[in-house]
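The listed protein sequences correspond, in order, to chains A and B.
Residue numbering for the first sequence follows our numbering, beginning at 81 and increasing consecutively.
Residue numbering for the second sequence follows our numbering, beginning at 233 and increasing consecutively.
Rather than coming from a laboratory, the hints here were simulated on the basis of the structure.
Treat the hints loosely; a few may be bogus.
Heads up, simulated SDA-like pairs for lysine to any residue below, C-alpha to C-alpha not over 25 angstroms straight-line [unchecked claim]:
#1 Lys281/B <-> Asn135/A
#2 Lys339/B <-> Leu163/A
#3 Lys281/B <-> Ser104/A
#4 Lys339/B <-> Thr180/A
These numbers come from a predicted model, not from an experiment.
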Amino acid sequence: ETGVTQSPTHLIKTRGQQVTLRCSSQSGHNTVSWYQQALGQGPQFIFQYYREEENGRGNFPPRFSGLQFPNYSSELNVNALELDDSALYLCASKRGRGETQYFGPGTRLLVL
Amino acid sequence: AQSVSQHNHHVILSEAASLELGCNYSYGGTVNLFWYVQYPGQHLQLLLKYFSGDPLVKGIKGFEAEFIKSKFSFNLRKPSVQWSDTAEYFCAVTYSGAGSYQLTFGKGTKLSVIP
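Same shape as in the complex, but just chain B (with noise of 0.2 angstroms):
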């Protein structure tokens, strides 16, 4: 079964660092690929999306990704972090072929910046 892997579980940054969050998947096919966020107590908002095209993106609030095809990888990058960041980032999939409806998630990764 195709799966979505984030490395890290909790990372926690000082105000400014800069942030970097893994996500690779496992279908070497074509795939359409987002970034999610979950603010605490708000739902899932769309950050950014790669579905053909530049494989540098840019979403909302700062935040790029990169689509790395060779390496089935689509990372999550800010340069500069606020508290304002802290909430759970849920990189997620799309295949194509059969059950290119569905979504399917990594597990998240809890990010806490610390002022």
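If we strip away everything but chain A, and leave its shape as in the complex, we get (with noise of 0.2 angstroms):
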């Protein structure tokens, strides 16, 4: 176990919805990075934040957003969503910059 923890574990939606994952991350992590993974793909960055500010963001729709909060846990809000936003969600936290990752068991996201 990392530390890393994410809420819910599995969801289902219908396109055009809403969703918001929720990412807790190990003591003493500030900085905590978000990753979509399609099945039989490799993670993909989406966004990362550092002391509640976005400092990074991958290729990704501006409907996709988040948040960071003071003790550090964060949120990751998808807008109208479509059937290819289907995957597993994962959150990561690391101490700093050039830290190592630790990664969260996910959040299973099926859009119908």
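Both chains come to you apart, so use the hints to assemble them.
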């Protein structure tokens, strides 16, 4: 176990709906990143938060947004869900810029 | 865009066989390299990492990897696999400069070990 927790574990939504996924980082970690892992693929970077500010973003549209809170926990919000958003969403935390990222168990999202 | 290639999609081995999984990355600058493993039903776990120094790095559970800068490679090896090594293995890299915070992953190699 890495100490990174995510909720919920599974979620089913329909197209057009909105979803919020949550992540609690490992103690002492101030940086949280989110990744999308589609079936049969490696994780793809969505964005990273450091001290409550987004400081990096991958190739994802603006309907993917996030927040980081003072306790360094984080949320991933996805608006206007599409079928292709069905995936495992992973949260990872780390202590600082050059450090190793530690992953949570993920939230599996199914969009119907 | 930077990329990571893992050459084998699915590898099937018998117990005690030796393992080598290939990984190549596209960036010519300074990199940090990682191998993560995802056991069935479990989260991604770090196997080993290379930041600098000795290009032969040892990780958990008897795994090792060798960084060969001239070949842009970071292959994972284990001399004798066990059934419990059945999992999916991901090579990942972070690059220096802009965007260095993100991990870029390969598509993964599924390893099945037959008892």
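Do the hints match the structure? See the list:
1. Lys281/B <-> Asn135/A: holds, 24 angstroms
2. Lys339/B <-> Leu163/A: holds, 21 angstroms
3. Lys281/B <-> Ser104/A: Since the Cα atoms of Lys281/B and Ser104/A sit roughly 24 angstroms apart, the hinted pair holds (cutoff 25 angstroms).
4. Lys339/B <-> Thr180/A: holds, 20 angstroms
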